[in-house]
Amino acid sequence: MAIQNRRGDYGDFDPDKLKAGERATVMSGDPHAEDGRAVYECFEPGVVKRMATYEDMLESVDRATDSISKEYLKNVTEATEKAEAGATAANAATERASAAADEVLEKLENGEFVGPTGPQGETGPQGPPGAVENLSGQAVEFMEAAEKQPLVSGESLAVLFGKLAKFMGAADDGLAGLREDFDNLLDEETIQLAQELGFLSGGG
159 MAIQNRRGDY GDFDPDKLKA GERATVMSGD PHAEDGRAVY ECFEPGVVKR
209 MATYEDMLES VDRATDSISK EYLKNVTEAT EKAEAGATAA NAATERASAA
259 ADEVLEKLEN GEFVGPTGPQ GETGPQGPPG AVENLSGQAV EFMEAAEKQP
309 LVSGESLAVL FGKLAKFMGA ADDGLAGLRE DFDNLLDEET IQLAQELGFL
359 SGGG
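Quick note: the sequence shown uses this note's numbering, first residue 159, plus one each step.
To be clear, the hints were calculated from the coordinates, so they are not data collected in a lab. Heads up, a few of these hints could be off.
[As the list claims (entries may be wrong)] Distance condition first, Cα-Cα at most 27 Å in a straight line; then the derived DSS-like pairs of lysine-lysine:
id	residue 1	residue 2
1	K324	K306
2	K321	K306
3	K240	K228
4	K207	K177
5	K207	K175
Starting from the given sequences, assemble the full structure and let the hints guide the process.
Printed below as a string of structure tokens:
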């Protein structure tokens, strides 16, 4: 098996001119290699594969890692910027909501949401009075009136009884006072004389 090998600059590299099993060493200018140097293996004219050395693989890993790191950093930066923008918008919305709530409370305290009272509606017809049965057997709760007042037609039984109680109490007090005044006018001798004449019954 003969060893066939070509070498030269990348500008002179032509895969179609290579033969099967032939190897081409690019001495400089290869854009696919970090240092411009590369090795190609031909499987048939026009079909070649670039061979990778240990150093080439390290360079490829470094490039891939750097690319991944840059993409990751870019995504993290964009996510951070979006989060900061969202936080700023949320804070602004919170401040606007708080200001709106304060304004509503202030207007409520100032009565700005209370409109004028509308006109009174029509009064409906009063229904007929109900029939009262067995009035004599019904209990009526009442309180004595604070002062003597005249009876008025249409008042409830409780009000009427309260006025009557006040009137009867005042009448009893008046009769008791009258009796006391009368007793004070009569001394014992006058009473005895009146009894003898038959004006007063005995026993005082």
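If you test the structure against every hint from before, which numbers come out violated?
Nothing - there is no hint that the structure violates, so all of them hold.
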